[in-house]
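Protein chains in written order, with the working numbering: chain A, 13 to 317; chain B, 13 to 317.
Calculated from the structure, these hints are not laboratory results.
Treat the numbers as computed from the prediction; the structure is a model and nothing was measured.
Cβ coordinates follow ideal geometry from the N, Cα and C atoms, glycine included.
Hints are supplied without guarantee of correctness; some may be wrong.
[Stated by the list, open to error] On the chain A side, residues computed to face chain B include the following (Cβ under 10 Å): (1) N143; (2) T263; (3) S306.
[As the list claims (entries may be wrong)] Covered stretches of chain B, going by a simulated chain A footprint (3 or more residues, C-beta under 8 Å): (4) 163-177; (5) 200-207; (6) 218-230; (7) 234-246; (8) 302-310.
[Stated by the list, open to error] Pairwise CB distance ranges (calculated): (9) B:P303 to A:K213: 39 to 45 Å; (10) A:L185 to B:R316: 30 to 36 Å; (11) A:Y65 to B:D78: 54 to 60 Å; (12) B:E209 to A:D287: 43 to 49 Å.
2 protein chains.
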Amino acid sequence: MSRRITIVEVGPRDGLQNETAILEPIMRANLVRRLEGAGARRIEAVSFVHPKYVPQMAGAEEVMADLPHEAGRSRIGLVLNGKGYDRALGTAVDEVNVAMSATDGFGLKNQGLSVEQQVQMLADIMAGRANAEGAPGATPSLSATLSCVWGCPFDGEVSIDQVADLVGRIAELGVEEIALADTIGVGDPWAVTRKVEAARKAAPDAVLRLHFHDTRNTGLANAYAGVEAGVDVLDASVGGIGGCPFAPGATGNIATEDLVYMLERAGFETGYDLDALITTARWIGEKIGRPAPSALSRAGGWPRS
Amino acid sequence: MSRRITIVEVGPRDGLQNETAILEPIMRANLVRRLEGAGARRIEAVSFVHPKYVPQMAGAEEVMADLPHEAGRSRIGLVLNGKGYDRALGTAVDEVNVAMSATDGFGLKNQGLSVEQQVQMLADIMAGRANAEGAPGATPSLSATLSCVWGCPFDGEVSIDQVADLVGRIAELGVEEIALADTIGVGDPWAVTRKVEAARKAAPDAVLRLHFHDTRNTGLANAYAGVEAGVDVLDASVGGIGGCPFAPGATGNIATEDLVYMLERAGFETGYDLDALITTARWIGEKIGRPAPSALSRAGGWPRS
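With the hints as extra help, turn the sequences into a complete structure.
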């Protein structure tokens with residue numbers, strides 16, 4: 013029996029959010045369905061952020077209206093604060109992912125909250141969930157993503173202690189899955205191993221998840237190091253989309269099809285159909301007006317079927 | 013004391029050989045000098061192949077005439093057979109790299125020799141060296157590169173036994189450094205670990221070297237796996253150049269600056285100056301008429317100096 017790696021598809025959110033082209037909600041729901049057709053089981057479908065700040069994510073409710081609950085599929089909504097969380101509750105999202113930052117600099121810039129204020133925000137959300145009545149299963153499950161774990165564009169280097177401390181506090185609040193994110197793509201695989209080990213020590217019962225950007229081409233090396241360190245859940249974006257093509261140096265998440273290729277070639281199970289995924293990557297490339305930057309959408313798999 | 017990784021720069025050979033643009037010998041010697049200025053100590057500078065087959069490599073003698081011996085610098089010439097080896101001896105190359113293939117399919121296509129014929133060719137070269145007179149140091153040192161170790165475009169999958177057997181035979185002939193090459197970029201890091209371990213077992217006294225192409229974005233993950241498996245010598249190409257932009261799916265070697273970034277960020281020593289390397293990558297991008305595809309030439313290092 014081979015090991016199963018769960019890939020959380022974040023193209024409709026982290027990918028599209030950072031593209032210049034703005035896609036209508038109906039097109040974003042269409043992308044979600046195509047990705048599910050290619051094997052995705054968990055998809056970050058929307059972000060409950062104010063459209064003034066991120067116009068690419070406007071109309072989250074419309075996207076979700078097009079995606080009623082379906083067995084075996086989980087659509088995730090990103091929230092940056094309690095207001096976003098309340099919006100998410102009004103939709104059919106199956107999961108909520110709460111954005112946190114390992115640094116004050118990024119937290120203040122990204123969501124107007126210092127690290128302490130973010131922890132308080134999360135505590136308030138968790139308290140509200142504990143008090144909420146309602147049918148079991150009616151409340152979406154919840155995870156948190158800690159950004160800038162391997163470096164912050166404003167505060168610089170981020171220490172292992174800083175990360176371990178925050179992971180521990182997030183877990184203590186009852187969050188069952190915690191994602192560590194290399195938001196600006198500066199991590200190296202040796203540092204991935206060290207921070208994963210520290211996070212596991214700090215939150216031995218939490219599920220760890222990893223989120224890499226391929227800005228400096230270390231994304232798949234980091235993913236490999238994470239899998240070797242025992243992590244079973246990884247974020248990736250179809251086509252490797254994201255990162256404004258007009259912002260020098262910005263790049264997207266690791267590409268789902270590149271990650272699937274690496275894992276499946278090594279004998280892991282991902283549940284994806286590589287050819288269908290490549291087709292979807294090329295399709296979204298047409299929609300955003302530039303070829304998807306992934307390697308597999310250009311080179312194809314191997315051995316060829 | 014941090015661990016030292018030696019990077020063999022192959023841009024002037026494996027990179028330029030696969031670009032559409034053809035650079036004059038004087039420009040290729042210029043590239044070698046710029047790379048040496050950025051810290052390269054070993055450079056595959058030329059290929060002694062017939063210009064009818066690879067016009068990009070025409071004038072190897074002229075390139076080398078521009079690069080007289082210099083202490084602490086090693087310029088390597090690739091040879092595909094005894095004729096190429098004899099040409100190399102007439103120049104100032106410090107090292108000769110003999111191309112071998114793990115498969116008949118690639119060997120016949122690339123150099124008109126089956127695996128058995130290649131081994132005989134190498135044996136003849138080694139016998140000639142043993143018989144040669146001359147001042148010590150007058151004969152260039154010699155290494156061999158075994159291509160298609162992780163897969164062949166003609167013969168398909170390549171087994172561990174196939175690789176181990178050939179590595180053992182090459183070592184028995186007296187070759188002190190053996191490179192394992194993922195010529196078409198299909199390897200995954202788990203398979204890198206396995207084949208490196210098998211090669212070491214087959215040739216415990218040889219220096220192992222790794223050569224990766226980034227065709228499916230696994231190049232740096234494979235490099236990381238190789239370093240973790242104890243390999244201290246890796247090939248890379250400035251800018252990640254190579255791979256004809258008009259041949260769908262073809263891509264170059266892993267980019268020297270991407271590899272340097274990953275290694276130096278993790279605390280290894282490479283001897284390279286990352287900024288000078290990025291400058292050189294952008295320069296060669298102008299010369300070949302397309303931006304160098306490396307991540308670092310676009311994103312820059314981090315933390316920024």
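Quick rundown of the hints versus the structure:
1. N143: Cβ of A:N143 sits 43 Å from chain B, so the hint is violated.
2. T263: holds (7 Å)
3. S306: Constraint on A:S306 satisfied, holds at 7 Å.
4. 163-177: holds (count 3)
5. 200-207: Coverage by chain A holds for the segment 200-207 of chain B (4 residues, Cβ < 8 Å).
6. 218-230: holds (count 5)
7. 234-246: holds (count 3)
8. 302-310: Since 4 is at least three, the answer is holds.
9. B:P303 to A:K213: 39 to 45 Å: Since B:P303 and A:K213 have Cβ atoms about 43 Å apart, the given range 39 to 45 Å holds.
10. A:L185 to B:R316: 30 to 36 Å: With Cβ atoms ~35 Å apart, the hint holds.
11. A:Y65 to B:D78: 54 to 60 Å: With a Cβ separation near 56 Å, A:Y65 and B:D78 satisfy 54 to 60 Å, so the hint holds.
12. B:E209 to A:D287: 43 to 49 Å: violated (32 Å)
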